[in-house]
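Could you put the whole structure together from the sequences, leaning on the hints where they help?
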Amino acid sequence: MTGEGDEAASWLTSPIVEDLRDSTSLIVQCSESYCLVDAKGIGIYAYDRRNRLSYLRPPREQRLDFLTHLTVAVSKDTLVYVDPSNPCSLCIYDLLSSAGGPSSKGPMVLPHSVEITQVGLSQIGGVADRKLAFLDKNGDLWLTAGYPQYISIKATGDDRTPKLKAMVSSFQWNDATDMLVGIADQQLITWNYPQCIFTDSQLLNLTVDTMEIPRQSIGESSAGSWGAGDTTVETFIGTRVLLKRPYGGRTVTAVSPYPSLLYKLQAKGQWDKAVKLCRYVRVKELWGTLAAMAMKVNDAGNTLETALAAISDVCKMSMLRHAKGQSDPIVKQAEIMLLSRRANEAIQLLVANRKIYRAIKFNIWLHRWEAALDLAVQHRTHVDTVLAYRMRHLEAMKHSENNEKFRRYAAEVPVDWTSVKAKIAREKAEERASGVDTPVNQSKTALPLEIPGSPTLSAGSSS
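Residue numbering for the sequence shown follows our numbering, starting at 864 and increasing by one per position.
Hints in this document: simulated from the structure, not taken from any laboratory.
Here a beta-carbon is modelled for each residue, glycine too, at the ideal position from N, C-alpha and C.
Among the hints, a few may not be true.
[What the hints assert, rightly or not] The calculated lysine-lysine pairs, modelled on DSS-like cross-linking and capped at a C-alpha distance of 27 Å, are:
id	residue 1	residue 2
1	Lys1187	Lys1159
2	Lys939	Lys1127
3	Lys1026	Lys1147
4	Lys1159	Lys1147
5	Lys1187	Lys1136
6	Lys1000	Lys1028
7	Lys1261	Lys1284
8	Lys1000	Lys1026
9	Lys1026	Lys939
10	Lys1187	Lys1139
11	Lys1028	Lys1139
12	Lys1195	Lys1159
13	Lys1147	Lys1136
14	Lys1131	Lys1187
15	Lys1187	Lys1028
16	Lys1147	Lys1131
17	Lys1139	Lys1107
18	Lys1131	Lys939
19	Lys939	Lys1159
20	Lys1187	Lys1147
[Stated by the list, open to error] Computed Cβ-Cβ distance ranges for the label pairs, DEER-style:
id	residue 1	residue 2	range
21	Asn1001	Ser1190	44 to 52 Å
22	Val1160	Ser1297	48 to 56 Å
23	Gln1065	Ala1117	41 to 49 Å
24	Cys1178	Lys1136	26 to 34 Å
25	Gln1133	Asp1279	51 to 59 Å
26	Gly904	Met1260	57 to 65 Å
27	Glu1293	Lys1268	25 to 33 Å
28	Glu1293	Val1240	32 to 40 Å
29	Gln1241	Leu1105	51 to 59 Å
30	Arg920	Val1160	51 to 59 Å
31	Ser1297	Ala1130	29 to 37 Å
32	Met1260	Gln1050	39 to 47 Å
33	Gly1188	Val1160	19 to 27 Å
34	Gly904	Ala991	24 to 32 Å
This is how it looks when you write it as structure tokens:
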């Protein structure tokens, strides 16, 4: 009679065998699938079945046998590799579509100005949470969205693809969290919440742990000591980082276990326990990580305010309290989005919920004058409000109007501050009256990793 233990042993000793048409040059694994690279294409397989999930056929000019474990990365929904025929470009396949691309036309190509030497994909979350990190020949580490539909087509270096760190020699994603480790400046750097760079680059600095690489991890010889730049990160599993010495030896070092605990508490929505953990540890980097997590979910109660107080960020605390003072929950949520630099998402939330005045006012705050005027004209309201604030701004800056659109509307629409203030007062009164248990329509605001464009700061400019 066969027991459960015998069945398990039989399963372990009975591998699934599948014939391959071509010789395999590379195997890259992730938690839910793996890819086999041969001369003609890339096959994606699942661990629990024999059937191949997909088979991708890149252009013929791409020599796939040139790919290495550093230039290929795979997750459950995305495949990325460095184009062998053009190392300055990344080919990104959508594994959830039938043909591997967002429009069934093959891969998305992400251009870069320098040759790319290493790529990596985050492994947790859904497609909207996927993040792609890549390292170029100059040692610059870049971060962008990892799923094709959410990646900016613009060249790297804009807000959608910010630089995490310079002079990096190697990096790896964590297997169970969004933590990222890299070697730079003879140090092991841990980014506890790297996606924070999309919303607040200043807060990012408060989420980074740095430690010197132990001498035994670098390695020594009779001729002298090796440089830390020669050491590479092979794996980052749990809190353990596997480092490879320049002469082939390997050693394990550990990072702080508290950020991983913070991720678990965030996933369960246990924000009170997360605050207690940070108070117990009393490490500024952990408070910064908690603040970034709370900012992403639009406050999560009083967690964000507590975390900002712990890191002494008075400016953001003042903005947060102003947002919490709003009677309308939609306006409150939009102002918290604005606090985390998700301006476009906040404005779309307001427009979707018919808060046109607030959307116009947000554009005015950001000095997006043309956007404010276009919104007012489109909805046929508050055109005089935009013109009034524009005139006041130009007078304060001692500039004259040079935008033809504003000149035209200023000649057509009379501006009376008494009328403007009365109209604004009516809008705020309506918000107070309808601000109780107002459902928030977020159907048009799902913009993962959304970053607003740079606001125009010059009063005499055309925007």
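Results of checking the hints against the structure:
1. Lys1187 - Lys1159: Given pair lysine 1187, lysine 1159 holds - Cα atoms ~16 Å apart, limit 27 Å.
2. Lys939 - Lys1127: The given pair, whose Cα atoms are some 21 Å apart, holds under the 27 Å limit.
3. Lys1026 - Lys1147: holds (23 Å)
4. Lys1159 - Lys1147: holds (19 Å)
5. Lys1187 - Lys1136: Between lysine 1187 and lysine 1136 the Cα gap is close to 22 Å, so the pair holds against 27 Å.
6. Lys1000 - Lys1028: holds (13 Å)
7. Lys1261 - Lys1284: holds (23 Å)
8. Lys1000 - Lys1026: Answer holds: lysine 1000 to lysine 1026 is near 14 Å, not above 27 Å.
9. Lys1026 - Lys939: The given pair, whose Cα atoms are some 25 Å apart, holds under the 27 Å limit.
10. Lys1187 - Lys1139: holds (23 Å)
11. Lys1028 - Lys1139: At roughly 31 Å apart (the allowed maximum being 27 Å), lysine 1139 and lysine 1028 break the hint.
12. Lys1195 - Lys1159: holds (15 Å)
13. Lys1147 - Lys1136: holds (17 Å)
14. Lys1131 - Lys1187: Between lysine 1131 and lysine 1187 the Cα gap is close to 24 Å, so the pair holds against 27 Å.
15. Lys1187 - Lys1028: violated (35 Å)
16. Lys1147 - Lys1131: holds (23 Å)
17. Lys1139 - Lys1107: violated (37 Å)
18. Lys1131 - Lys939: Distance of about 22 Å is within 27 Å: holds.
19. Lys939 - Lys1159: Status holds; Cα separation ~23 Å.
20. Lys1187 - Lys1147: This hinted pair holds, its Cα atoms lying about 25 Å apart.
21. Asn1001 - Ser1190: 44 to 52 Å: Because 51 Å falls inside the window, the suggested range holds.
22. Val1160 - Ser1297: 48 to 56 Å: violated (25 Å)
23. Gln1065 - Ala1117: 41 to 49 Å: violated (28 Å)
24. Cys1178 - Lys1136: 26 to 34 Å: holds (28 Å)
25. Gln1133 - Asp1279: 51 to 59 Å: Distance hint for glutamine 1133, aspartate 1279 holds at roughly 53 Å.
26. Gly904 - Met1260: 57 to 65 Å: Cβ of glycine 904 to Cβ of methionine 1260: about 59 Å, so the range 57 to 65 Å holds.
27. Glu1293 - Lys1268: 25 to 33 Å: holds (29 Å)
28. Glu1293 - Val1240: 32 to 40 Å: With Cβ atoms ~21 Å apart, the hint is violated.
29. Gln1241 - Leu1105: 51 to 59 Å: holds (56 Å)
30. Arg920 - Val1160: 51 to 59 Å: violated (40 Å)
31. Ser1297 - Ala1130: 29 to 37 Å: At 34 Å between Cβs, range holds.
32. Met1260 - Gln1050: 39 to 47 Å: Given about 45 Å between the Cβ atoms, the range holds.
33. Gly1188 - Val1160: 19 to 27 Å: Since the Cβ atoms of glycine 1188 and valine 1160 sit about 20 Å apart, the hinted range of 19 to 27 Å holds.
34. Gly904 - Ala991: 24 to 32 Å: holds (28 Å)
When held up to the earlier numbered hints, the structure conflicts with 11, 15, 17, 22, 23, 28 and 30 and fits the remainder.
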